[in-house]
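> Listed here are the chains, written in short residue letters.
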Amino acid sequence: MSWKIWSLKKSVWVFHVNTGACNNCDIEIVNLLTPRYDVERFGIKLVGSPRHADALLVTGVVTAQAAPRLRELYRQTSKPCVVFAMGACACQTGIFNGAYHVVGPVDKIIREVDPNAIIAYVPGCPPKPEAMISGVVKALSIL
Amino acid sequence: MTEALQNIFWILVFPGFVFTIVLGLVACWIVRKVSALVQWRVGPPLFQPFYDVMKLMGKETLIPQDGQRAVFIAAPIVGLAGVLLLSTMLWRTTITQNDFVGDIIVAIYLMILPSLALILGSSASASPHASIGTSREMKLVMGYELPLVLAFIIVIIKTGGQLSLAEITKFTPALSISGMLAFLVSLLCIQAKLGFVPFDIAESETEIASGLIMEYSGPLLAVWKMMQAMMLVALPLFLVMVFLGGFGTTAGWPLVWGIGKYVLVLVLIILIKNTNPRVRIDQAMKFFWVYCGIALAIAIILASIGSYYDINWL
Numbered sequence: 049m050s051w052k053i054w055s056l057k058k059s060v061w062v063f064h065v066n067t068g069a070c071n072n073c074d075i076e077i078v079n080l081l082t083p084r085y086d087v088e089r090f091g092i093k094l095v096g097s098p099r100h101a102d103a104l105l106v107t108g109v110v111t112a113q114a115a116p117r118l119r120e121l122y123r124q125t126s127k128p129c130v131v132f133a134m135g136a137c138a139c140q141t142g143i144f145n146g147a148y149h150v151v152g153p154v155d156k157i158i159r160e161v162d163p164n165a166i167i168a169y170v171p172g173c174p175p176k177p178e179a180m181i182s183g184v185v186k187a188l189s190i191l
Numbered sequence: 178m179t180e181a182l183q184n185i186f187w188i189l190v191f192p193g194f195v196f197t198i199v200l201g202l203v204a205c206w207i208v209r210k211v212s213a214l215v216q217w218r219v220g221p222p223l224f225q226p227f228y229d230v231m232k233l234m235g236k237e238t239l240i241p242q243d244g245q246r247a248v249f250i251a252a253p254i255v256g257l258a259g260v261l262l263l264s265t266m267l268w269r270t271t272i273t274q275n276d277f278v279g280d281i282i283v284a285i286y287l288m289i290l291p292s293l294a295l296i297l298g299s300s301a302s303a304s305p306h307a308s309i310g311t312s313r314e315m316k317l318v319m320g321y322e323l324p325l326v327l328a329f330i331i332v333i334i335k336t337g338g339q340l341s342l343a344e345i346t347k348f349t350p351a352l353s354i355s356g357m358l359a360f361l362v363s364l365l366c367i368q369a370k371l372g373f374v375p376f377d378i379a380e381s382e383t384e385i386a387s388g389l390i391m392e393y394s395g396p397l398l399a400v401w402k403m404m405q406a407m408m409l410v411a412l413p414l415f416l417v418m419v420f421l422g423g424f425g426t427t428a429g430w431p432l433v434w435g436i437g438k439y440v441l442v443l444v445l446i447i448l449i450k451n452t453n454p455r456v457r458i459d460q461a462m463k464f465f466w467v468y469c470g471i472a473l474a475i476a477i478i479l480a481s482i483g484s485y486y487d488i489n490w491l
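So the protein lines, in turn, are chains A and B.
In this text, residue positions in the first sequence follow this note's numbering: the first is 49, and each later residue adds one.
In this text, residue positions in the second sequence follow this note's numbering: the first is 178, and each later residue adds one.
Every clue listed holds true.
These stretches of chain A come out as covered by chain B in the derived footprint (C-beta under 8 Å, 3 or more residues): (1) 83–91; (2) 94–108; (3) 124–130.
Straight-line Cα separation of at most 25 Å, SDA-like style, residue types lysine to any residue; simulated pairs: (4) A:Lys-127 / A:Trp-61; (5) A:Lys-57 / B:Ala-213; (6) B:Lys-450 / B:Gln-216; (7) A:Lys-57 / B:Thr-238; (8) A:Lys-52 / B:Gln-405; (9) A:Lys-52 / A:Ser-182; (10) A:Lys-57 / B:Leu-223; (11) B:Lys-210 / A:Pro-177.
Just so you know, the hints here were simulated from the structure itself, not pulled from any lab data.
Just so you know, these numbers come straight off a predicted model, no measurement behind them.
Quick reminder that beta carbons are idealized off the backbone N, C-alpha and C, glycines included.
Please model the entire structure based on the sequences and the hints provided.
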């Protein structure tokens, strides 16, 4: 394992993208930073700019308006980076499947930009914080 | 030849680059750990800042298409060089006690250099968020430079007109009314220089997405992080030397006393950071110019009276 990947696993900076979620997954993501779960123990930190990020936490079905923004965000994130599809909507568009404003689940939009992107799926409506931590751990162990 | 080699060693290894950066990253960890404890969390492990810098070194650097490429790359290096020079100067004065007259003025100039580099770099990045951050940082620099220089004028009055750091460290101006006022005000100015919470207006993450350094990524961001880590060593050390008598004056255990004073200043900064909300830029300007300005004007009058009539506690 090269030192780049080793140090990436030790400090994952996360940028939170909402592409039309109902805010439920977002509440659970912010819950990860509270004293109960405190992911800063593992070096995981929320950052304000996609240029600083190592992981994109995407929540929500990708709406027609959000899709170009999501593509642009993925291009602006410095590589290597991981994309997390958080929640049922982001994984498979959930109950909004086939609605007029939905252009596809997160992985479809990301693959349009980069076919080899690393995408992890955390299902649930909303996923439990424990499930999110477990998803992050599994995705990082594959890297 | 040997003198030149020794100077290079001074700058690059012992009190300069390597030593200060290790100390600065440990200070970064103290900041994050104490903040976590204040918020009833566990906090990151000791080597977390080292991992962060190492990871950023291995990442891709993105340069904005419309940005001014040369300035964008040069700005972090200029800032790092400024802080490196400042910390080397301060450590050298602490260790060998030999210096030149007027180095407190050189230190004041070197302390502005990181802010100027941040302004240059962010305005070269062609991003609207960064330009908002730039304008806020410029106003903030104008705000805090006035009280900071006034506070050092009080130190110079209290020490009987000394302009060299080694002479100033033989006094403790903080043990008088005017010196204490100056120390408190300059603590707040250092807070603004470090970009910590009540005055982190320029890089406020929640409203303008870490403003100034928004467009930086990879190794260039790592250089900014190292610069901030070194400032976390150099600026509290400067306050300790100027106001609290430095490392050398206390007989017996100078090193322990010196480290204790440094940690005291650092913890004060962290506690101010954790117990205050962010202020607006106009509130910050008003705070520095009106309230701190008036407090320091009173302090200068007290210090002048004290030095004229030989009253040390004024």
